[in-house]
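S.K.: Listed here are the chains, written in short residue letters.
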Amino acid sequence: MTVRFSFLYLMPFLLFGQTFEVNKSSKITYYGSHYTSDWQGHSSGVSGRIVYNAVNQIANSCSLRVDLTTFDSGNSNRDSNMLTYLDVFQYSDVLFVSNEISVEGINASIKGQLTFHGITKYLNLKADISFTDGFNAEGSFTILLSDYEVERPALLFKKIADEMKLKFHIVAK
Amino acid sequence: MYALPDNMPLQTKLLWAENGLLRKTNLFQVDRPRELELRTKMLQLHQKLALGTLGLIFTQGYLGFQLQDATTNYMELSDRHAALGKVAFGSYLTSAMLSYTAPPALRYNRKIDSIRIHRWLSIIHFTGMLALPYLGEKVSGPHDSIKSRDRALYIHRGIAVTTISTMALSALITFLPL
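Residue numbers (our numbering), protein chains in the order written: chain W, 1 to 173; chain L, 1 to 178.
For the record, the hints were derived by calculation from the structure and aren't laboratory data.
Backbone N, C-alpha and C fix where the C-beta goes; we use that ideal spot for every residue, glycine too.
Among these hints, one or two may not hold up.
Incomplete in silico selection of chain L near chain W, CB under 10 Å [unchecked claim]:
hint, residue
1, R32
2, L43
3, Q44
4, K48
5, T101
6, R107
7, Y108
8, N109
9, R116
10, G128
11, L130
12, K147
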């Protein structure tokens with residue numbers, strides 16, 4: 001599994017293109033929901049690279065990794081609980097790899113693979129991008145925790161919602 | 001990540017820190033992921049039991065107020081109040097122990113969050129719950145005068161209302177998004 005991840009992670013960089021390093025201004029937010037309350041958790045623990053061809057402005061590929069332990073929802077008990085349910089000792093990162101990014105103006109269509117909780121799924125994402133002062137991408141998508149075989153935490157007899165929205169703001173220079 | 005948080009609550013530190021009671025005595029030897037699974041189970045049971053206990057304590061409070069104005073049914077109400085008190089006290093202590101003795105979380109915030117306030121409130125209602133059976137005995141015990149009985153009742157009632165209020169607030173606060 002690790003060899004496969006490493007290969008997926010390195011493969012984009014074998015392709016020719018201008019490389020941008022994702023920096024700490026990047027932010028991923030997840031939106032959790034339960035019948036008692038909704039909450040959000042943020043992480044700036046994003047690392048990775050964007051490879052893009054500056055001549056025809058087509059972003060070739062991207063590899064992003066988020067350290068799950070860096071998510072902070074403002075409630076340490078909930079964060080700790082989430083990490084336990086995500087089996088963070090076994091799967092400490094979320095990985096997104098794409099080699100298929102097409103750009104039209106400020107809109108990018110990204111086809112890639114999201115590896116979360118040890119399970120890889122294909123995703124089609126939309127993002128607003130800009131190349132002023134490096135590379136910026138913003139967008140959101142929704143996943144189902146059950147798709148990634150994540151057992152959901154429960155509060156007072158009821159589990160949190162299966163659907164989870166994720167928002168990303170990637171800054172790379 | 002396997003490292004224990006350095007800012008865990010005092011009671012957790014006493015039991016689960018590197019030099020904590022459970023580590024030193026080798027009473028409990030499992031790896032950290034299993035500890036966290038146990039923590040989750042203990043806290044979920046704590047939630048459910050605490051909710052039931054809150055119901056029992058509200059009923060107990062209601063019986064207590066009825067007892068104040070009771071005339072012919074005083075003995076019957078008093079027996080009920082005492083019996084329910086024992087059940088509520090047992091249920092409360094079990095629930096509290098599940099929370100106080102749970103293994104440490106992966107991390108604890110340094111800033112104030114709802115769980116921290118929940119813990120602070122628990123100190124108040126835990127102290128109140130420990131005092132209430134004794135204060136109840138003082139109310140029913142022999143008195144030299146009506147004034148002395150009224151004073152014991154006043155203290156018992158005040159501590160009971162404070163305990164119930166902080167318990168209810170403590171439960172409500174866990175539903176806050178932060």
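S.K.: Each of the hints needs a verdict: does it hold here or not?
M.R.: Outcome of the hint check:
1. R32: Cβ of R32(L) sits 7 Å from chain W, so the hint holds.
2. L43: holds (8 Å)
3. Q44: Hint on Q44(L): holds, closest Cβ of chain W at ~7 Å, below 10 Å.
4. K48: holds (7 Å)
5. T101: Given a least distance of 16 Å, the restraint on T101(L) is violated.
6. R107: Holds, about 6 Å.
7. Y108: holds (5 Å)
8. N109: holds (4 Å)
9. R116: R116(L) check passes; min Cβ-Cβ to chain W is 8 Å, inside 10 Å.
10. G128: violated (23 Å)
11. L130: The hint is violated - L130(L) has no Cβ within 10 Å of chain W, the shortest such distance being about 24 Å.
12. K147: violated (45 Å)
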